[in-house]
Structure formats: structure tokens, C-alpha cells
Amino acid sequence: MHETMVIMRRELHSYFISPIAYVFGVLFLGGQMWMASVGIEQGGIAAPYLFFAMLPQVFLFVLPALTMRLWAEERKLGTLELLMTFPVRIEQLVMGKFLAALSFLTLLMSLTVILPITMSVYGDVDWGPVLAAYVGSLLMASAYLSVGMFWSSMTRDQIIAMLLSLTSLIALYALGMPAFLMVLSQSDKIPEFVVSILGAISPYKYFLSIARGVFDSRDLIYYMSFCGFFLYANSLVLKARRVKG
Amino acid sequence: MDLASKNTSSRPYLSGSALSMALQVCLVLIILGEVVYLSGKYRVRADLTEDGLYSLTESTQRVLEGLEERLLIEAYFSPDAELPTSFREPREMLRNLLDEYVQSSGGKIILQYFDPKTDAALRERATRIGIEPDQTRNDEMGGVSLQELWQGFRLRYGGNRQKVIPRIDFRAASSTSGYERLLTPVIKSLTVTVKPRIGVIAYPSPPADQVGMLNQADLEVERGYEVLQEWPQVSDHYEFVKVSINVGEHIPDNLAALLLIRPKLLSDRQKYVIDQYLMRGGKLVVFADTDDYSLGQQKLMYQRKMKFDDDASRDKFVDQLLSYGVKVGTNIVMDAAPDAKVPMIITIPVGQRLQGLPLESYPFWFHPVDADWAQQAQLAARQPDGRVDPQLADRYSRLFEPGVDPEVSKSLGAPEFFWPCRVELADPMPKGVEGKVLLRTSPWAMEWEPPFKMHPATNQTDVRFIQGAINSFATKWKNMLGSEPRQQIGLMAEVQGGLRSFFAGKPMPLPEGEYRGEEEESRLIREDKSQQDTTVPVDPKAAGAEVAEGQQGPPAPVQAAQGDDAYADEPDMILESPAGTQVVVIGDTDFIRDDLVGRLYMNIGGPTSVRTAPIFFANLLDWLAGDQDLFQLRSKVGKIRTLELLEYDPMQGGTIQEHSEQVRDKGFLLRSMVQVFAPTVLLIWGMVVFMRRRTAKREFLTGVGA
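If you read the sequences in order, they're chains A and B.
For the first sequence, the positions run 1 to 245 when our numbering is used.
For the second sequence, the positions run 1 to 706 when our numbering is used.
Some clues are possibly wrong.
Each computed BS3-like pair below joins lysine-lysine, with the alpha-carbon atoms no more than 27 Å apart [claimed, not checked]:
{"id": "1", "chain 1": "B", "residue 1": "K117", "chain 2": "A", "residue 2": "K189"}
{"id": "2", "chain 1": "B", "residue 1": "K316", "chain 2": "B", "residue 2": "K341"}
{"id": "3", "chain 1": "A", "residue 1": "K76", "chain 2": "B", "residue 2": "K242"}
Here are the simulated distance ranges between beta carbons [what the hints assert, rightly or not]:
{"id": "4", "chain 1": "B", "residue 1": "L19", "chain 2": "A", "residue 2": "L163", "range": "27 to 33 Å"}
{"id": "5", "chain 1": "A", "residue 1": "T85", "chain 2": "B", "residue 2": "F690", "range": "28 to 34 Å"}
{"id": "6", "chain 1": "B", "residue 1": "V689", "chain 2": "A", "residue 2": "G31", "range": "18 to 24 Å"}
{"id": "7", "chain 1": "B", "residue 1": "Q162", "chain 2": "A", "residue 2": "S110", "range": "51 to 57 Å"}
{"id": "8", "chain 1": "A", "residue 1": "M1", "chain 2": "B", "residue 2": "F690", "range": "30 to 36 Å"}
{"id": "9", "chain 1": "A", "residue 1": "S217", "chain 2": "B", "residue 2": "L111", "range": "15 to 21 Å"}
{"id": "10", "chain 1": "A", "residue 1": "A174", "chain 2": "B", "residue 2": "F690", "range": "15 to 21 Å"}
{"id": "11", "chain 1": "B", "residue 1": "I684", "chain 2": "A", "residue 2": "L163", "range": "29 to 35 Å"}
{"id": "12", "chain 1": "B", "residue 1": "V689", "chain 2": "A", "residue 2": "M5", "range": "19 to 25 Å"}
Hints listed in this document are in silico derivations from the structure and should not be mistaken for laboratory results.
We put the CB at the ideal spot given by N, CA and C, even for glycine.
All chains should be modelled from the sequences, with the hints used to inform the complete structure.
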């Protein structure tokens, strides 16, 4: 655990000294708050629905940008081999980088609390669903980050890593859209049970369930399994690379 | 990707490793998939919403606990994959709710899903038992087509009782509780063998033009009060019995409650039988209107004088209610709080058509607001110059109470009222009786002596003059309201306890206008005179009468009839009711009128009470009948949480348009603040980090002498 935390601190530090992270952060916060604050008007609902409604789409583009460099840059700069020589297990390395990315995102998200706080001054905000939506957002972000990290470990080119992450996340997002599933179900070539399984894969679907204010053990277990699988796959790729030398 | 190795010497090892990895990945994937699948079957949920919007209510839990036999729920559903996009989430919510029912029932509920579209026999069975598909227009796939969607239920309880819900509209609910309100009452009705009986004494009024009060045809219909009684959520659970007291018959005792709707021209005998019904422990709800206005297609709003008592009455009905502890006013009540507003649209004839003009405020139609008005004391104490009178604010903060009683009315709900009257508790209250005002106006309320016409643009048919008439109407009530101190006015009250008969010590009213005690008194006087003549002392008790002791308190009534009494079988007067006798008085009848509940005026912009009256009515019955199950269930609605950037004082600060502009400005300011806050904090942080690093770099370079 200690080793994981050391890796996490090192990674987190690298975020804070990277101008690119700030640029992304400002763009993410600025854009998101610009659109979400439209709901502040007399008679508007005292809940940041708009903010959380747009978050899954915004994450699709922001998170691959955050994760693209995690492994790809190490490989490009040749520091991955150096990292591998550290007295830490690969799983600890993966976990440390994952937690660093998640912590950076949590920090960005914490700055958006100004929106529900402002609303609570002028209305009766139901904090339960707001809290659930924040937790749900971070869980969904964890899932996206784990996918992004996996693709970053597969290539040394950051842009390719980002494009692969983006494509797979868009596909996962689409699987959570009923309209897309309907198209699939109307295709004769895809059996109904496959459509059902595909529909159950999307992190977006589980985010919607949590964001309305309900913590369901199923949703939490799904996110843990999803992240666990991609982080495990990530460490397998790195192990394979170490074996290959 | 460069996973494949070009090093041929290590190829067999790597191939084995890749195979092993692939197998590991597959294994992990299968295990995790299974875990997720099982977690969907055995799940724990925590509903964080303040109103418990996604949890089963205690009411449903109680209904499920009350299941003595097995309940089989057959759900006839089209596959989820075939549903239009917008119906998927409601279906998911419904499935989740059904899961909750099964899990909470402790094995009493068995849920089976059927897809009528897959099997002709299933489809035939579904149709035979009364399940109907919904024909929905689907234009999502590029073309427009009619789609057949099934979402109906058959509930079978204990083998011999069943109910069918032909279809549940996909638009019926926006939250789990919406579906719960549809399903739980049906389950409840399956478990109930005998429906409680509700007695109804109603006085519908004929159309205004039939009573000769209108020279204009306003197409007013007769006002009945039966639509609510036929509402399935009510009729499934209660049997309504029309009770006649026209010739003074006694009210049956086997009623769960008696509804006295719009009482008018009551004779003393009728008041007496109502009184005696209460004295036998009955529960009474009075929907009272002290005044009444016509409301036809043109909404002319002419006054129709109301009288509770017939001309021959010696005792007034309001005094009778007062003796039980409820005071009913004679004026109509208005409430000017913006939150209490019920929309009103004035219909203006434009050529051959009628055009609607939304009114900024018509304070005689309103609903009690679920708000703690004590928190508005500062606003209410604001003087015309904008200054707040601290003493007044302090007094108001102690005086003002919630508009909706938090214990009872919060669950009952609050209906929309139309020209209601004041209903308060008597001061002092009768001994042994406790009471509570359940619904109140906001502090921006007052009573108004009923005028002949209540239309804001009375007599104006010319569009050019209507706006002026509306403005002068608003100015009039605002001036009147401004000249009075802020006050809350009661609209619904409940008293409970051992009530004393209103007729105690009075002659007993008999049918056909006779009074027993009076005859008896006269006879005693006559006998007394004759006895004085013969000097033989007479004990009045021996003659069958009880005389009050020493003139203290009202004299007791006559206990026995004389041999030649035509009403010898008339029961003795009961003087006091058992403890727990309940009287509820509501200061309006319009909101339960058939034409308002039935949305008769919807095509001309309202009014209608359909949004709140049915739920309130059903809850009221459940409350009186002591059935907490459905009472709590129906009232479970999410609180409306809206932003209020600026308070609007009806007595201060210009028109609503001016207020809207101020709100827009403030909204823009807040939005701008929220928009720039987070990015600015991050930017400042970044700059601080950048400066520190630059300083550190300089110091380092200085240190190494570069």
C-alpha cells in the first residue's frame, strides 16, 4: 500500500506541474460550468441535473486526454523500463497511476461543488441525490480511466492511445443508449441475449441509476468489477512487456 | 501495437504466455460477469432522496405484511428491447419496483413475466382476461409506425380473487412512487373483503339560469359531487351510500364516516339527526360554503346566496358547529401569496372565437402552501417605505404557523380552493374537545364580504376595457389587503373528543316541524296550572320529564314519550358523544364539484381541481376510516424544489413583470459567478505553482552559478 501511495503522489505531482493538465482542467471546468449554470433562474429546479446530465459525454473526451500519457509517455521517454526496475509490483504501479488520475479528477470535480452550494442558498437542494451523483460520476470516471489506462499501456503513441480510448468509450456509452440497443435488437444477425449482455456492459447505464439518488449494490459491484478487469488487463500487458524485455 | 515479439528464440515461451494470459483474462471476465449477474439478483439498495422517491413506502410494507395468502403477479410485458427509447427508463423503474415488492413480501408474492407477442396462446389468454396492448406511434426508426406495447397485470390472490390492470401507461409515472401508487391500492383491494361504507348527504345546486339569476346564458351545468366517489382509487375501497334526512330520518350507524356536502336550508330536525349521529360516535365531514358563485362557460361569477338554515329554523347550523368547537365564517377568503396562486384565464370574445387572457393574480382561487410562514415574518413586517418593523416581525414569527399542518395535512395534501370561507376553532373550545386547524392561508390573506359579482373584469366584454377592469380589480384588493395587518385564516379544522349535543336542554325537533320538549313543557305548564287549581302536588319526574337542577346548565331533554305521541319510537336524545368523536369542517365545496374535478372548463383555460382534489378526497376518507395504508401512500410525492432568487412581496415592489426583470438580472449575476469560479481557482493555483517552480529554478541556477 505504501508503495502504491508513493507512486500515486509522484504521479499526482506530475499532473500539477504539467501545463497541459491545467489547460484541460480549465477547459473542462469552464465548459461544464458554463453549460450547467444555465439552470440558475427563478423557478428553475434546485438541483444540478444539467451538470450531471452532460458529464458522461464530457468525460468521454476529457478522460482519454488525461490517461493517454500515463503509460505511453513512459514508454516513449524510455522511463517505463526504469519504473519496472523499482522494487514495486506491477499491480502497485498500475494502482498508483490509477489513483493519481482519479485524485486529480476528484479535485477538479470538487471545484464544481460551488454549483449546488449556490443553488442551496436560493432553494431547497436535496443533497442525497447530489452526493450520489458525485459518487456515481467518480465511479463512472474510474471506469473510463481504467479503459484509458489500458489503451495507454498498449501503445507508445499518446494520440493513438487517446483515439483508442475515445473509440472504445464511445462504444461503451452507445451501449447504454436505448436507441442504439434498439437498432441492435432489430438486426437479425445479433441474438437477443447478446443484445441484453451488451446493454449490461455500459457504465453509463449504471451511472444513471446512481445519479437519481439510489445506491444499489449491483451498481457498485459492477463498477468495481469493470475497473478491476481493466486494471488487471493493464497489469497483464505490462507483465507481458517485462517478460518480453 | 507491439505485443507480438520478433524474437524467434523466445516465441514458444511467449506463445504459451499469451495463451495463459488469454485464458486468465477470459476466466476473470467470466467470474466478474457472474458476480455482476448475481449482484443484480441479490441486491441491497439505499435510497438517498429526502422524500424516499425510490423506496417502498411504509404503507406498501404494511399492505404486504397483511398478505395472508399467496399473491401471484402475472406481468404481461413486451420485451424491453422493443420499447421506444423514452419508455425504457419507466420500464426499468417498474421492474425494480416489482423486485422490491417480491423481496419485501417475504415470499408471499410470486412474480411471473409473460411476453404475449411470442406466443399466440399467451396473447389470446392475455386478451381474454382483459389485458390490453397500447398502440403507440413509433417514429424513431426513420419511418412512422404503430407499435403494439404490452404492460398489463393480472394479480391473483389466494386462488379465488383476482384483479386485472389492463395496462399501465408508460407515461403514468416519473418515479417509482408513481407506480407504487398504482399497484399497492390494487393489492390492498384484493385483501379487503368488506368495503367501509361512507354516507353522503349532498345538496347539488341547479344551474344558475334555472334559478332565474342570470339573464345571460352562461351554460352552467348542475353541480353534483359524484365524480370523486366514482374515482377508482376511492370506489375500489369504499362503498358510498346516499343518506336521506329529508323527512328527518335518522342516519344509519354503520357508516365509517358521513360526508355533508354543501349543506343548505337545513331544518332543525335535520340538524338534530346529524347531531344525534355524532352523539352515537359517528364521524362527520362538512364541506361548507357560506357563499357561492356561478361558473359556466363564460365564467361570469354571479353570486348565488347560500343559506345553511331553512326559514323555520330556530337554531343555526353555524352555532351547531360552534358548539362542537368549529367556527365557520360568513365571508369569502382570499390569499395573495404568489406560491398559493391557482391559474386563472379570462375568456375574451374575439370575433366568433373566445380568447384566453392569463390573469396575473386572482387571489380568491388558491391553495394552502406547505411552508413555515413564521420564516416569512420579516417580509410580512416590511412597511411601505421598505423598512422592517422589528417588533411586528417578532410578533409575526411567534404568530404565524405552517400553511399545512405537519402532522395530518402533510399526508392529506392540500386541495385548491375556490372562494372558500373561514374555518377556525372556537374560542374557548368546549370542555373535553381538542381541535386543530389543518389548513391555513398564507399571511397575505383577508376576508372579503361577498360581492354580487366576482369576475375581475365584470361586465366588460370589450377587449379594450378588460385590461383596465383587471387592473382596477387588482388595485382594489391590494389596497384592502394593504390596509389590514397580516393574518392567516383557517380553511379546514378538525375537532375530536366527547362532544356535547347541540340540542341538550332544547326541545327535541321532530319530523314535520314539531318539537317534543316544547309540547311536554306546555303540557307540564298546563298540568301545573290545573294542579295548582286542585292543590295536589305533582312530581314532574313522575310525569316523565327531567327538570334541570336549579337552572344550572341546560335542562335535560324529555326521556319518554306519551301514550298518544305519534313519534313514540323516536329514540331518546343522547346528550354526549363517546370520546374520539370526530368532526372535520372544510371551508369550500367547489373543489369537489363534478364540473371542476371533471375538467369541464379545461378547453377555456380552467379552472379545474383534478390535480389535487382526488388525492385529497381519497386521503381524507382513509384518514377518517382509520386506514393509514393508502393514506400515506398517495401523499408520497416529491417535494417541488425550485429556486427563489428574489422574494416577491405582493404588497410591495411593483408588478410581476418588474419582479421578473430583477430576478433575471440576479440570475445572470449568479450564473456568471458560478461559471468563472472553478476555472479561476484552477488558473490561480496553476500560476502559483508556475511561479514557485520558476523561483526554485532561479535559486537553483543561482546556486550552481549558472
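Taking the hints in turn, this is what the structure says about them:
Proposed proximity of K117(B) and K189(A) is supported: the alpha carbons are some 20 Å apart, at most 27 Å. Taken as a hint, the K316(B) and K341(B) pair is broken in the structure, with Cα atoms around 33 Å apart against an allowance of 27 Å. With a C-alpha separation of about 89 Å, the suggested pair K76(A) and K242(B) falls outside the 27 Å cut-off, and the hint is violated. Roughly 29 Å separates the CB atoms of L19(B) and L163(A), a value that falls within the hinted 27 to 33 Å.
A hinted range of 28 to 34 Å for the beta carbons of T85(A) and F690(B) is consistent with their spacing of about 32 Å. Checked against the hint of 18 to 24 Å, the pair V689(B) and G31(A) passes, with Cβ atoms roughly 22 Å apart. Between Q162(B) and S110(A) the Cβ separation comes to about 55 Å, which falls inside the hinted range of 51 to 57 Å. The supplied range of 30 to 36 Å is met by M1(A) and F690(B), whose beta-carbon atoms lie about 32 Å from each other.
A hinted range of 15 to 21 Å for the beta carbons of S217(A) and L111(B) is consistent with their spacing of about 20 Å. Roughly 40 Å separates the CB atoms of A174(A) and F690(B), a value that falls outside the hinted 15 to 21 Å. Checking the proposed 29 to 35 Å range against I684(B) and L163(A) shows it holds: the Cβ atoms sit about 33 Å from each other. At roughly 21 Å, the beta-carbon separation of V689(B) and M5(A) lies within the given 19 to 25 Å, and the hint holds.
In terms of the numbered hints stated before, the structure departs from hints 2, 3, 10, listed from lowest to highest.
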